[in-house]
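Assemble the whole structure, with the sequences as input and the hints as a guide.
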Amino acid sequence: EAGVTQFPSHSVIEKGQTVTLRCDPISGHDNLYWYRRVMGKEIKFLLHFVKESKQDESGMPNNRFLAERTGGTYSTLKVQPAELEDSGVYFCASSGQGSYEQYFGPGTRLTVT
Amino acid sequence: RKEVEQDPGPFNVPEGATVAFNCTYSNSASQSFFWYRQDCRKEPKLLMSVYSSGNEDGRFTAQLNRASQYISLLIRDSKLSDSATYLCVVNIGETSYDKVIFGPGTSLSVIP
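Protein chains in written order, with the working numbering: chain A, 1 to 113; chain B, 114 to 225.
There's no promise every hint is true.
[Said to hold, decoys possible] Listed next, the in silico SDA-like pairs over lysine to any residue satisfying Cα-Cα at most 20 Å (straight line):
no., chain 1, residue 1, chain 2, residue 2
1, B, K158, A, T5
2, A, K78, A, F45
3, B, K155, A, L21
4, A, K51, A, S27
5, A, K15, A, T113
6, B, K155, A, E42
7, B, K115, B, D211
8, A, K44, B, R150
9, A, K44, A, G59
10, B, K192, B, V126
11, B, K192, B, L159
12, B, K155, A, S95
13, A, K44, B, D120
14, A, K54, B, D211
15, A, K78, A, T5
16, A, K15, A, V89
17, B, K192, B, A130
18, A, K41, B, C153
19, B, K158, B, P121
20, A, K44, B, R114
21, A, K15, A, E85
22, A, K54, A, Y103
23, A, K41, B, K115
24, B, K158, B, D170
25, A, K44, B, S145
26, B, K158, A, Y103
27, B, K212, A, F65
28, A, K78, A, R64
29, A, K44, B, P217
30, B, K158, A, E101
31, A, K41, B, S139
32, A, K41, B, P217
33, B, K212, A, E68
34, B, K212, A, Y103
Calculated from the structure, these hints are not laboratory results.
Structural data, given as structure tokens:
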């Protein structure tokens with residue numbers, strides 16, 4: 001069974017540009033999460049989808065971040081316009097219905113210059 | 114006080130040693146707890162879930178003390194391959210819909 005996949009693995013963009021990250025969860029997993037790890041800090045929750053609905057987006061830093069999960073399958077996280085402090089590793093995770101156990105993707109390393 | 118705190122380490126132990134990591138959490142409503150391991154520049158991988166007073170999986174034992182809001186991970190007979198960062202993760206509510214909080218991680222190096 002394929003695990004959680006993320007694309008791209010790395011992205012280097014200039015301040016002010018737009019970047020879109022993609023996550024494909026494990027097939028059949030209703031729950032999809034986005035997390036971010038900024039250098040030297042712990043992994044922080046961004047938001048949680050249940051199917052196509054946003055269950056909790058309390059961790060989204062500001063309105064420059066937009067997450068979507070149309071159709072309840074893959075999800076995208078867009079940052080527009082990117083700022084220097086957005087640099088970090090963005091992880092996606094998924095879990096089955098009613099399950100607490102989350103499985104992580106390999107992450108997207110975003111560098112904003 | 115941070116919601117989830119861990120000994121930062123690093124812990125440097127010889128092969129075959131027993132090592133224990135501690136984690137404390139601040140939200141008394143938390144019901145579910147996990148240990149993940151993260152290798153350098155890789156994603157976190159679930160190591161153990163801790164739902165009751167504790168559980169054991171081979172060389173790994175996790176214990177939970179709800180009264181003290183404390184979780185521990187014990188690794189026996191350490192292997193070189195155990196070298197990684199160990200993340201304590203706490204579900205802050207009572208359902209799987211509640212978000213999880215990650216601790217900062219404890220770094221372990223097992224040396225030959």
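Evaluated hints:
1. K158/B with T5/A: The hint holds at about 14 Å.
2. K78/A with F45/A: Holds - the C-alpha atoms of F45/A and K78/A are around 16 Å apart, at most 20 Å.
3. K155/B with L21/A: holds (17 Å)
4. K51/A with S27/A: With a Cα-Cα distance of about 12 Å, the restraint between K51/A and S27/A holds, given a limit of 20 Å.
5. K15/A with T113/A: holds (6 Å)
6. K155/B with E42/A: Judged against 20 Å, a Cα distance of about 14 Å means the pair holds.
7. K115/B with D211/B: holds (18 Å)
8. K44/A with R150/B: This hinted pair holds, its Cα atoms lying about 16 Å apart.
9. K44/A with G59/A: Measuring from Cα to Cα gives roughly 8 Å; hence the hint holds.
10. K192/B with V126/B: Cα-Cα ~10 Å, so holds.
11. K192/B with L159/B: holds (18 Å)
12. K155/B with S95/A: holds (19 Å)
13. K44/A with D120/B: Measuring from Cα to Cα gives roughly 18 Å; hence the hint holds.
14. K54/A with D211/B: Answer holds: K54/A to D211/B is near 12 Å, not above 20 Å.
15. K78/A with T5/A: holds (17 Å)
16. K15/A with V89/A: With Cα atoms ~17 Å apart, K15/A and V89/A stay inside 20 Å; holds.
17. K192/B with A130/B: holds (9 Å)
18. K41/A with C153/B: It holds: about 14 Å lies between the C-alpha atoms, which stays within 20 Å.
19. K158/B with P121/B: Holds: K158/B and P121/B sit about 19 Å apart, inside 20 Å.
20. K44/A with R114/B: holds (16 Å)
21. K15/A with E85/A: holds (10 Å)
22. K54/A with Y103/A: holds (19 Å)
23. K41/A with K115/B: holds (12 Å)
24. K158/B with D170/B: At roughly 15 Å apart (the allowed maximum being 20 Å), D170/B and K158/B satisfy the hint.
25. K44/A with S145/B: Roughly 17 Å separates the two Cα atoms, so the pair holds.
26. K158/B with Y103/A: The hint holds at about 7 Å.
27. K212/B with F65/A: holds (19 Å)
28. K78/A with R64/A: holds (8 Å)
29. K44/A with P217/B: holds (10 Å)
30. K158/B with E101/A: holds (10 Å)
31. K41/A with S139/B: Holds, at about 19 Å.
32. K41/A with P217/B: Distance of about 7 Å is within 20 Å: holds.
33. K212/B with E68/A: Distance ~18 Å between K212/B and E68/A Cα, so the pair holds.
34. K212/B with Y103/A: This hinted pair holds, its Cα atoms lying about 14 Å apart.
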